[in-house]
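J.: One-letter residues, chain by chain:
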Amino acid sequence: MKNFLLSIFILVVFLPGGIQAQEEERQEIIEEVKPRNNECLECHGQDEYTYFNEQLGRDVKAQMCEDYIVSEEEYYQANHFSFACVDCHSSGFNEYPHPAEARFEQIYSCTDCHGFSESDEKYQFSKIEESYKESVHHKRLGEDFSCWSCHDPHTYAIKARESNNIKNIVSYNNSMCLDCHSDVEKFEMLSGEKKNVFEHHEWLPNQNLHFNNVRCIECHTEVNKDILVAHKVQPKKEAVRKCVECHSENSLLLSTLYKYRVQENRQKNGFYNGVILNESYVIGASRNEYLNVISIVLFFAALGGILVHSLLRYFFVKK
Amino acid sequence: MEEKTYLYPKWIRLWHWSNAIFFIVLIVTGLSMQYSSQDYQFIPFSQAVYWHNIAGILLIIDYIIFLTGNALTMNGKYYKVKRKGLIDRIKKQFYYYTIGIFKGEKAPFPVNEERKFNPLQKVAYVGAMYVLIPLVIVTGVALLFPEMIVHKVFGVSGTLLTSLLHIAVGFLLTLFLLIHVYFSTFGKRVSSNFKSMINGYHEGH
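Residue numbers (our numbering), protein chains in the order written: chain G, 1 to 319; chain Z, 1 to 205.
Just chain Z, with the same shape it has in the complex (with noise of 0.2 Å):
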């Protein structure tokens, strides 16, 4: 008999797409825009500014249903890291996606109900949900509002700073949405972890 854990409750399920869809308009719209042409367009510029506002705009709701969510739930809970033995497991758990997988170990940090995460999913969960996405948010509302930016900074245009680490981010963030998408494939079936954000129920390998 199949071993399913009840792991995504349907807000955790619908935050998650919906920041799927936001985010991916966010990523083509900004390639678009960074990478304009005269000679040909992928999207509109006006449109891409416009989705791109507006997709920017229903992120930043998105978040704060995050925060407030995970502020109200148990699933805040799954976002702290113990720093105690950190380097160690993110070691162990970097080793089994390099060797022990191929030698047919099994993982070292199952998924449960106290575990939604392993050490390197949770590092790097962290660091997108609570230092890159508030990141690429801020320097956003700046860009949206740009009268706000301070003019210059050590000479420089205080816009285009804001800009580079707004860019800079956001292409942090797409790789990190790239690797994610990848390591979803880790479940029991390739399809398996997909099919848990759609039904809530994660199945054991």
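So here's chain G without its partners, still in its complex pose (with noise of 0.2 Å):
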């Protein structure tokens, strides 16, 4: 009890001083590359942009490639907050116009910079990244497929491990796949095939529902226990088909969707039993065993019930 209210307390009067902390010293940092980003998102922050072109002697109006916006209140909330743009991109870029050979720089992977800290090192880049080569991404589309096609570096944020809530990490992950697999134009750019997605998935049963609560990999990869998210994205002939490996109780989720909250719930407490429970409900895996015991314990005493009195009837009732 005392350890109980000592936490609380704690909670309490430390928690939201964290918190309020923390924020403080995203916030400095913002304010510290704000006016060396603010050059660039002047032009890559919209979709509009104006530029005095010298030939005409005049302001020209322009509109911005899609694929090179940059959403400043996104990028400020994702992980790389703290970058100035051209601490990942050329120096070339520092110029106005920018020279041709900056517009062909090679571009970092995440390789490049992760998986050499010690703080990295729950992160497991190089098992991710041996994963990902085993993927079917980069089995079909080798170099034109790469980290950035799915975790686009401006808005990328950690959610499985840092989000309590499974339905927003459900649908910032499916968003990285249907960026690509909804959109029919895209994809076939990408893999030369026209597909819609969401007549592929016609046969699953609430198709909404499935695609709203679970992330496409969690059927669409193997498995890997070494990694927290399964990055060997298999070809669809190998995907899960069948309901009960999530419709049962050692439920695939567990150690998909469910896997963060499952390690964590075991270094606490040492079991994960109801891990699935509060959070949503999946038909054969929610399964609560103080329930089960009653309601097998109520159905016995009922037959039990039944059998003794028609013995005593067969035995005591005069026909």
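Treat the hints as calculated values from the structure; they're not laboratory data. Glycine included, every Cβ here is placed at the ideal spot set by N, Cα and C. Everything hinted at is true.
Reference listing, derived: stretches of chain G covered by chain Z, where coverage requires no fewer than 3 residues with Cβ under 8 Å from a Cβ of chain Z: (1) 197-210; (2) 245-257; (3) 281-289; (4) 295-301; (5) 304-316.
Over the 10 Å line for every Cβ pair with chain G, so calculated as not near, a few chain Z residues: (6) Glu3; (7) Tyr6; (8) Tyr8; (9) Ile24; (10) Val28; (11) Tyr63; (12) Thr68; (13) Gly69; (14) Val81; (15) Lys84; (16) Gly85; (17) Asp88; (18) Phe109; (19) Pro110; (20) Leu173; (21) Gly200.
Reassemble the complex: the two chains are provided individually, in unrelated frames, and hints are given to aid placement.
T.: Pasting the structure below:
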């Protein structure tokens, strides 16, 4: 009881202060990089920009290519918020108009920066890379596909470890896949195939419910016990199609979508019962031991009562 | 000569047996889904979902027939409970089932045209047909269209609460079915009441 009260006291008194200090530190960093980034975002932060055309001798309004627009709001909420644009992009971009060689710069990949520090250890970048190299994306598209194809470094934010809301994790994650897979033209450009992801999943009962409550990768990746989010995206013929893989006691979801919760619960409480409980309801997977026991006891009590009564009737009631 | 009373018109018999079939399908498919396993499946999961949905919709239609029939015919009166003296009547019936029957006493509330159910049956049937069945239908329809369900109720998934209620009520109705079948053997002969639900005639003791 004492420990419980102490924990409550610490949570109430110190936690809000800690969160506030973190937020203040984050804002300080943002204020520091903002002036440098504003120079870029003046054009790249919106869908239209104006430049002085020396040949025409006047200002010209032009439309920014969609792929080169960065939302300032999303950028400062994302993981790379502390970086100035030219920390990653060639210093040639400091000049305007941008020189041609800057436009053909070699873009960094995740593992050029990540995977070397102690704080990166828990993320297992090398194992993620290994898995990714075996994925259908890499095997089919090679260098045309990279980490950035799914994880836009300008907007990427860690969700699986930090968000408490499973629905947010699911919608954030699925938007990465659906960005290409629900766009028939974009998908055709990348794969040469014309496919409608929703038609392909028509066999799935309550399609909307599944799309909103589980990530595409639950069924389309091979589970990897070493990394939190599996990256080996499988060819479609190897996707999970058996309902019971999720809708059963040892649900696949415990080693995919709910993996982090399971690990956390195991560390804190030494068990993972009811991880799925309170969050959502998965037929066959959401089970409550107490209710199971109560129902079995009641059922056999009723059956036993009937049996005893019918035996008494058989032996003692006069025909 | 055997005393026979025409107590179960055709529509009640048809409703009763179709209701029984749909209910058994719902119990079996429901159990199969709730205890589905990767190693062993009593009914393949997708089939169980499909037939559970079909039987559920048919049960709703059957329930509407039951309500309409009760409103338009005299059958509704059998479900009207008179509160005055109810506890005493229940006690009397309970005494008969637990002690009186073994002493060779006569049933305190014999079946006739005016009284199809004894007080215990009446309370159980009213509870099942006017409380539990509507609850299982409402929660079942909600689960058929889960997007209609409130997302969170005091931090707990609305779908989870709806499912728990659906399963708990389904379980209570299963117990009701079990006990109902047993008490159907309390006719003139063990098989008499089952025959009554086929030919419509109740055989008196």
